[in-house]
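*Asks:* Start from chain A and add chains B and C according to the hints.
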Amino acid sequence: MRKATMQVTTHRPMELVDITAQVEGHLKESGVISGICHLYNPHTTAALTINEGADPAVQSDIIMALRQIMPFDLPFEHAEGNSPAHLLASLFGASEMIFIEKGRLQLGTWQKIYFCEFDGPRSRKVALRIMEER
Amino acid sequence: MRKATMQVTTHRPMELVDITAQVEGHLKESGVISGICHLYNPHTTAALTINEGADPAVQSDIIMALRQIMPFDLPFEHAEGNSPAHLLASLFGASEMIFIEKGRLQLGTWQKIYFCEFDGPRSRKVALRIMEER
Amino acid sequence: MRKATMQVTTHRPMELVDITAQVEGHLKESGVISGICHLYNPHTTAALTINEGADPAVQSDIIMALRQIMPFDLPFEHAEGNSPAHLLASLFGASEMIFIEKGRLQLGTWQKIYFCEFDGPRSRKVALRIMEER
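Heads up: the sequence lines are chains A, B and C, in that order.
Under the working numbering, the letters of the first sequence match residues 1 to 134, in that order.
Under the working numbering, the letters of the second sequence match residues 1 to 134, in that order.
Under the working numbering, the letters of the third sequence match residues 1 to 134, in that order.
It is worth saying that the hints were derived from the structure and are not from the lab.
Accuracy of the hints is not assured; some may be wrong.
[Stated by the list, open to error] Below are the EDC-like pairs computed for lysine to aspartate or glutamate, each with C-alpha atoms no more than 16 Å apart in a straight line:
id: 1; chain 1: C; residue 1: Lys3; chain 2: B; residue 2: Glu133
id: 2; chain 1: A; residue 1: Lys125; chain 2: A; residue 2: Asp18
id: 3; chain 1: B; residue 1: Lys3; chain 2: A; residue 2: Asp18
id: 4; chain 1: B; residue 1: Lys102; chain 2: B; residue 2: Glu24
id: 5; chain 1: C; residue 1: Lys102; chain 2: C; residue 2: Glu29
id: 6; chain 1: C; residue 1: Lys3; chain 2: B; residue 2: Glu132
id: 7; chain 1: B; residue 1: Lys102; chain 2: B; residue 2: Glu132
id: 8; chain 1: A; residue 1: Lys3; chain 2: C; residue 2: Glu132
Just chain A, same shape as in the assembly (with noise of 0.2 Å):
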């Protein structure tokens, strides 16, 4: 099993960002050649998925139906302001995870990773999990 933390930085409130070189690149250094890829955030207002990465405009848009969608104008508790975050983290969901074959992650054509910051910029981390099966 190999085990890694990797480091995201995000640079606006609400970003898609492509973490699966990172992934690959842990993988490579495994040496791993079936398995599975766990990953796991472990912040509350960021979330991990994996969606298209062939047009950019599709996680701008995403971002877009997310702010039209969210109900930011709640009397709201949570003293921070950001419990809208909160929802979005649970819904997009902690944790992701990858078939391994051959060597590779075993992705969709058009499918990336993707951090999910939904209360940044901040600096952000996601831990890797690279399990064997034979």
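*Replies:* Just chains B and C, lined up with the frame of chain A:
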């Protein structure tokens, strides 16, 4: 470990397709008694979920509610015009995990496994891995 | 591998119940030092999530926002009248995965594990498996 790719054909723009029987078929053939079943959707306008299977109205009600919530009329930039489907893919998630005990999926009484089509109709795939644990 | 079923009693229609201490209790009894904890919710109007535990207002704010977003007044066909709860179950997801290191759950500083009740009050269950990895 058993690896397989399941085929799913969808017939409508948005649809939840029950794939439980296909997954159970692979479990039976695997002979695994105790372990974990991981499912992975490689598409960026589709997802996987686990929800009620007893009343088909639950599936159509979920789609009715999503059509109400999603902002389909925003000035999206992604030229394919399916940005809401990409957001739904992230909200529902790309993978599911189900425990296996005594050779059976440990789904709840009312639970079935669904492939979620958000930009159909299309021919889709779901990757499956069944892992034995003692 | 340690298997267990945890009991959760909910007291309100919508509620996030912190189950972190129960999970930590099973981890301690398991003696597992390095591995993965998988949690699974077998109900179709409930879910699991990981979110902030320091300020209880985060949980109530999340529920306030969900009540605002969800369309409770659509002409749903499911006779039990809890279709929004089914949708929320799919949006939050049925399972969570947390890494284990040095015998401790690798939750982020502010993270706690929550059972999400969307159609309570009820008596609920959560299935747990703790798996050792070296």
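*Asks:* Taking the earlier hints as the rules, which of them does this structure contradict?
*Replies:* 3
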